[in-house]
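Single-letter residue listing:
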Amino acid sequence: MTALADFYAKHSRLIDQIGVNAILALSLSVSLQAGQLALAQAAFAGIAAYVSAILAMNAHWPLLASIIAAMLVSTVVAALLAFPVRRLRGVFLAIATIGFGEIVRVFANNLKITGGAEGLSGIPNDATTPVIYGALALVAIALFFLSRTKFALAVALVREDEYAARGVGIDVGAIRTLSLALGGAIAGLAGALYAHASFFITPSDFGFPRMEQILVWCVVGGVTSPLGAVLGAALLSILPEAIRFLADYREISNGIILLAVILFAPGGLASLWRRGVVRVRS
Amino acid sequence: MIAQQLLNGLFLGAVYALFAVGYTLVFGVLDILNLAHAAIFTAAAFAAFSLALAGWPLPLAFLAAAVLAGLIGILLDRVAFAPLRARNAGTLVPLISSIGVAIIIGAILRGIYGVDEKHFTTGGLDAAPVIHLGMVTFTTVELAIFFSAIVLMLGLSYVLRATTLGRRIRAVAEDRVAAALLGVDLERTIAATFFIASGLGGAAGVLTGLEYNSVTLDMGGPIELKGLAVIILGGMGSVTGAVVGGFILGAVETLAIAYGLSPWRDAIVFGVMFVLLVARPTGLFGKRALRQA
Amino acid sequence: MLTLENVGVRYGGVDALRAVSITVETGHVLGLIGPNGAGKTTLVNATTGLAPLASGSIALDGKRIDGLPPHRIARAGIARTYQNIRLFSALDVRANLAAGAFARPGRLTPEELTTLLQRAGIPHVDPAAKAGSLPYGDQRRLEIGRALAAAPAVVMLDEPAAGMNPAETTRLVETIRAIATAGIAVLLIEHDMTLVRAACDSVVVLNFGEIIARGTPSEVARDPVVVEAYLGTDAGALA
Numbered sequence: 001m002t003a004l005a006d007f008y009a010k011h012s013r014l015i016d017q018i019g020v021n022a023i024l025a026l027s028l029s030v031s032l033q034a035g036q037l038a039l040a041q042a043a044f045a046g047i048a049a050y051v052s053a054i055l056a057m058n059a060h061w062p063l064l065a066s067i068i069a070a071m072l073v074s075t076v077v078a079a080l081l082a083f084p085v086r087r088l089r090g091v092f093l094a095i096a097t098i099g100f101g102e103i104v105r106v107f108a109n110n111l112k113i114t115g116g117a118e119g120l121s122g123i124p125n126d127a128t129t130p131v132i133y134g135a136l137a138l139v140a141i142a143l144f145f146l147s148r149t150k151f152a153l154a155v156a157l158v159r160e161d162e163y164a165a166r167g168v169g170i171d172v173g174a175i176r177t178l179s180l181a182l183g184g185a186i187a188g189l190a191g192a193l194y195a196h197a198s199f200f201i202t203p204s205d206f207g208f209p210r211m212e213q214i215l216v217w218c219v220v221g222g223v224t225s226p227l228g229a230v231l232g233a234a235l236l237s238i239l240p241e242a243i244r245f246l247a248d249y250r251e252i253s254n255g256i257i258l259l260a261v262i263l264f265a266p267g268g269l270a271s272l273w274r275r276g277v278v279r280v281r282s
Numbered sequence: 001m002i003a004q005q006l007l008n009g010l011f012l013g014a015v016y017a018l019f020a021v022g023y024t025l026v027f028g029v030l031d032i033l034n035l036a037h038a039a040i041f042t043a044a045a046f047a048a049f050s051l052a053l054a055g056w057p058l059p060l061a062f063l064a065a066a067v068l069a070g071l072i073g074i075l076l077d078r079v080a081f082a083p084l085r086a087r088n089a090g091t092l093v094p095l096i097s098s099i100g101v102a103i104i105i106g107a108i109l110r111g112i113y114g115v116d117e118k119h120f121t122t123g124g125l126d127a128a129p130v131i132h133l134g135m136v137t138f139t140t141v142e143l144a145i146f147f148s149a150i151v152l153m154l155g156l157s158y159v160l161r162a163t164t165l166g167r168r169i170r171a172v173a174e175d176r177v178a179a180a181l182l183g184v185d186l187e188r189t190i191a192a193t194f195f196i197a198s199g200l201g202g203a204a205g206v207l208t209g210l211e212y213n214s215v216t217l218d219m220g221g222p223i224e225l226k227g228l229a230v231i232i233l234g235g236m237g238s239v240t241g242a243v244v245g246g247f248i249l250g251a252v253e254t255l256a257i258a259y260g261l262s263p264w265r266d267a268i269v270f271g272v273m274f275v276l277l278v279a280r281p282t283g284l285f286g287k288r289a290l291r292q293a
Numbered sequence: 001m002l003t004l005e006n007v008g009v010r011y012g013g014v015d016a017l018r019a020v021s022i023t024v025e026t027g028h029v030l031g032l033i034g035p036n037g038a039g040k041t042t043l044v045n046a047t048t049g050l051a052p053l054a055s056g057s058i059a060l061d062g063k064r065i066d067g068l069p070p071h072r073i074a075r076a077g078i079a080r081t082y083q084n085i086r087l088f089s090a091l092d093v094r095a096n097l098a099a100g101a102f103a104r105p106g107r108l109t110p111e112e113l114t115t116l117l118q119r120a121g122i123p124h125v126d127p128a129a130k131a132g133s134l135p136y137g138d139q140r141r142l143e144i145g146r147a148l149a150a151a152p153a154v155v156m157l158d159e160p161a162a163g164m165n166p167a168e169t170t171r172l173v174e175t176i177r178a179i180a181t182a183g184i185a186v187l188l189i190e191h192d193m194t195l196v197r198a199a200c201d202s203v204v205v206l207n208f209g210e211i212i213a214r215g216t217p218s219e220v221a222r223d224p225v226v227v228e229a230y231l232g233t234d235a236g237a238l239a
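Chains as they are written, first to last, in my numbering: chain U, 1 to 282; chain R, 1 to 293; chain H, 1 to 239.
Keep in mind the hints are simulated off the structure, nothing from the lab. Some hints here could point you the wrong way.
Label-pair ranges, simulated between beta-carbon atoms [as the list claims (entries may be wrong)]:
1) H:54 / U:59: 54 to 64 Å
2) U:62 / R:116: 38 to 48 Å
3) R:261 / H:132: 50 to 60 Å
4) U:147 / H:162: 28 to 38 Å
5) U:149 / H:128: 19 to 29 Å
6) R:261 / H:89: 42 to 52 Å
7) R:154 / U:204: 30 to 40 Å
8) R:261 / U:142: 40 to 50 Å
9) R:181 / U:248: 42 to 52 Å
10) U:147 / R:154: 50 to 60 Å
11) R:116 / H:132: 26 to 36 Å
Beyond 10 Å from chain R on every Cβ pair, some chain U residues (computed) [said to hold, decoys possible]:
12) 3
13) 10
14) 15
15) 68
16) 76
17) 94
18) 125
19) 128
20) 129
21) 131
22) 138
23) 146
24) 151
25) 153
26) 238
27) 244
Sample of chain R residues at the chain U side, in silico, Cβ under 10 Å [unchecked claim]:
28) 104
29) 106
30) 108
31) 133
32) 191
33) 225
34) 228
35) 270
36) 273
Since the structure is predicted, the reported quantities are computational estimates derived from the model, not experimental observations. Glycine included, each C-beta is placed from N, C-alpha and C at the ideal position.
Sequences and hints are given; from them, build the entire structure.
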């Protein structure tokens, strides 16, 4: 048992990071399932991180309250963003949301309340591992139950063919807004947890490089199930640490895995798992 | 004062335009947003640095690095895009695989060069002669960079308008199926497109490295995103648009700095881009139906 | 009952439809024919809200539906199939039928599923099969099944026999007639005159966006105006 405790003590930061990364990946998977390459999750997380940190530090809000308030803000922002981008598809939606993310980053870099480029430090460090993984479990369970509802069917139909979806009575605009808002909520949760699990946050924690990372986790893990997002985030967070012997080259593994998945297992690792299950049964 | 700012904007814009042209060329021909473009930009800058360090004269290092970038572009297509074309994977999957290649290139550069900033120690960049022309001032290096960018863009324009290859590229961009039916060798034309686009992107990288006398692993980050704003402004798929857009962006940025809005200049740029996407997604010169991508 | 009154649609300065008035009654199959480009699909698009009206009105059982967003029109009881099949090909047959029934409260029961497959004429199809993997004719019928799943008041079929052989087309007649008998107003766009003759109670002929003839299939086939409209394209098909 002490071996486990030692392992945890040595790697607790990484373990916490994986939990937060998994929640971030889940937030993007919601958008991807609706067929929207909406690359604003990192920005939503950043907004929530700052809101939560500011409430905790300046107004001394307890953890739960500051997380909920932060999630509310990120959800509202996401829902508002859905309106101007409602007619954008594909690459254009991606670019618009990237632009939004950059605008958020600039604001975080320049406002006094966000601490400018230096960010905020001294955030109460009360998002412990159980809290993070408890939140992850909640999100995963919620998404699992959501996947059995008509909303999930509507999301899949909008992804597959939005004209035909309209033809069967689905309000495509509403579905897109809801899925963006849901992604915003989950990203907000991740962001708030990130703030409370780190000693400091800076604007560059939530910029485009982070967004690309989240996208890579989702694609590698597979988008169509919560398991996939979690798998991808976990694997790709651990891997660079595990192959430290490659030193400065070690990030190459993530790129190679991403390419391998796209070329050979486009449904992501989760689809391989499912494929494996089918083979075992038959 | 304003003349100087405009000149600065012109110099900055020329490099933006050169970078954006490669972006938009690939998008115009393949409907793919190539997010490895910035990684190739950076790789070329490092390549030029290494060559210069090995004693190559700067202009030669510049050309060799650009050619190398072009070759990497062809490799990029073979590895990350061609297999997806073969299985009709759409336009978003290649975007993601380009990220994969960008990660790989970045990791390789990091392994070879480490994280420290590099400088060109030859060519006397930091002591370049300064020219005064009326109200404006600039260095010979800036002038050389500007002219290189212009020459390359003019070269591209010539290739696209007046050569067989250019006609083939435009045909494939217009309608891939029809072009194939008319006998255009798709894969070779696409390879040539990548060579040109990545070569120009790499050239932009070397020029940027020379301009600031700094080559770093993350030098591609800002321009990758600004490049998006340029091609949206100019119209996705329009080379002329990318050039015009690049200069406009350069002007907007330098004016923002001049009027004390420097910390907000990126927000201004992306704000304009966002508004354009929502209101007039075809940009200044674009023709494509953007909304149903 | 679906009523189009004096409907006009403009695309970029051209009248795609002009002064079109038709009525599709419950239990009735109305055929919509005309040369390519006559505006048939435009009419269906206008009815389902995908093309804005420049003039006129469209009503379902007396209630105006023009101007409503497409999903509201669908929910009002108008279902359609598409000229180029628009199934959710990556999803399975069951999901496609469930999609059709989306606007109805509750979920699709296994009995409803079986009934729909029967009514669509594909009782043998595996509900777990990927829609895109079905043979072409079955896909067209699955689209019909999806339309029926909505329990609609009106079904608009856009060239459902395209690509079918004569035997399949004959079977399609029964399917279509059964839909009407079940109390649905059916609008059938078709080029296949055998199908039109056998399945339709009456026919409307469109050319250059205007109605040039109405009547029973045999009346219309003899109409010289109609024959002339088809001359140079499909004159033989009318015989």
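Verification of the supplied hints:
Taking 54 to 64 Å as the suggested C-beta distance range, the pair residue 54 of chain H and residue 59 of chain U conforms, at roughly 57 Å. The hinted range of 38 to 48 Å is satisfied by residue 62 of chain U and residue 116 of chain R, whose Cβ atoms lie roughly 44 Å apart. Between residue 261 of chain R and residue 132 of chain H the beta carbons are some 53 Å apart, a value that agrees with the proposed interval 50 to 60 Å. For the pair residue 147 of chain U and residue 162 of chain H, the supplied restraint of 28 to 38 Å holds, since their beta-carbon distance comes to about 36 Å.
Against the hinted window of 19 to 29 Å, the Cβ-Cβ separation of residue 149 of chain U and residue 128 of chain H comes to about 20 Å, which satisfies the hint. Judged by the Cβ atoms, the range 42 to 52 Å given for residue 261 of chain R and residue 89 of chain H holds: they are separated by roughly 50 Å. Checked against the given bound of 30 to 40 Å, the beta carbons of residue 154 of chain R and residue 204 of chain U, roughly 38 Å apart, stay inside it. Taking 40 to 50 Å as the suggested C-beta distance range, the pair residue 261 of chain R and residue 142 of chain U conforms, at roughly 43 Å.
At about 49 Å, the CB distance of residue 181 of chain R to residue 248 of chain U agrees with the hint of 42 to 52 Å. Taken as a hint, the range 50 to 60 Å holds for the pair residue 147 of chain U and residue 154 of chain R, whose Cβ atoms sit roughly 55 Å apart. Between residue 116 of chain R and residue 132 of chain H the beta carbon distance is about 53 Å. The supplied range of 26 to 36 Å is therefore violated. With a cut of 10 Å on Cβ distances, residue 3 of chain U stays outside the contact zone with chain R, its closest approach being about 33 Å.
Chain R leaves residue 10 of chain U outside its interface by the beta-carbon criterion, the shortest separation being 25 Å against a cut-off of 10 Å. Every CB of chain R is more than 10 Å from the CB of residue 15 of chain U (nearest about 24 Å), matching its label as outside the interface. Against the 10 Å criterion, residue 68 of chain U stays outside the reach of chain R, whose nearest CB is about 29 Å from its own CB. At roughly 18 Å from the closest C-beta of chain R, the C-beta of residue 76 of chain U stays outside 10 Å, upholding its exclusion from the interface.
At roughly 7 Å from the closest C-beta of chain R, the C-beta of residue 94 of chain U falls inside 10 Å, breaking its exclusion from the interface. With a least beta-carbon separation of about 28 Å from chain R, residue 125 of chain U lies farther than 10 Å from that chain, consistent with its non-interface assignment. Against the 10 Å criterion, residue 128 of chain U stays outside the reach of chain R, whose nearest CB is about 32 Å from its own CB. Residue placement check: residue 129 of chain U keeps its beta carbon more than 10 Å from all beta carbons of chain R (closest about 28 Å).
The claim that residue 131 of chain U lies off the interface holds: its Cβ sits roughly 31 Å from the closest Cβ of chain R, which is beyond the 10 Å cut-off. At roughly 28 Å from the closest C-beta of chain R, the C-beta of residue 138 of chain U stays outside 10 Å, upholding its exclusion from the interface. Here residue 146 of chain U stays apart from chain R, with its beta-carbon at least about 23 Å from theirs, past the 10 Å limit. No Cβ of chain R approaches the Cβ of residue 151 of chain U within 10 Å, the least distance being about 23 Å, so the stated non-interface status holds.
With a cut of 10 Å on Cβ distances, residue 153 of chain U stays outside the contact zone with chain R, its closest approach being about 22 Å. The beta carbon of residue 238 of chain U sits about 16 Å from the closest Cβ of chain R, which is more than 10 Å, so the claim that it is off the interface holds. For residue 244 of chain U, the shortest C-beta to C-beta distance to chain R comes to about 13 Å, beyond the 10 Å cut-off, and the non-interface label holds. With a least beta-carbon distance of about 4 Å to chain U, the hint placing residue 104 of chain R at the interface is held under the 10 Å criterion.
Against a cut-off of 10 Å between C-beta atoms, the interface hint on residue 106 of chain R holds, since the closest Cβ of chain U lies about 7 Å away. Proximity of residue 108 of chain R to chain U holds as hinted, the smallest CB-CB distance being about 7 Å (cut-off 10 Å). Contact between residue 133 of chain R and chain U, as hinted, is not supported at the beta carbon level, the nearest pair being about 34 Å apart and thus beyond 10 Å. With 10 Å as the threshold, the beta carbon of residue 191 of chain R stays out of range of chain U, its nearest partner Cβ sitting at about 19 Å, so the hint is violated.
Checking residue 225 of chain R against chain U by beta carbon gives a least distance of about 6 Å; that is within 10 Å, so the hint holds. At its closest, the beta carbon of residue 228 of chain R sits 5 Å from a beta carbon of chain U; the interface hint therefore holds under the 10 Å criterion. Because the smallest distance between the Cβ of residue 270 of chain R and any Cβ of chain U comes to about 4 Å, under 10 Å, the interface hint for this residue holds. Interface hint at residue 273 of chain R: satisfied, since its Cβ lies 5 Å from the closest Cβ of chain U, which is below the 10 Å cut-off.
Hints 11, 17, 31 and 32, counting from the list given before, are not met by this structure.
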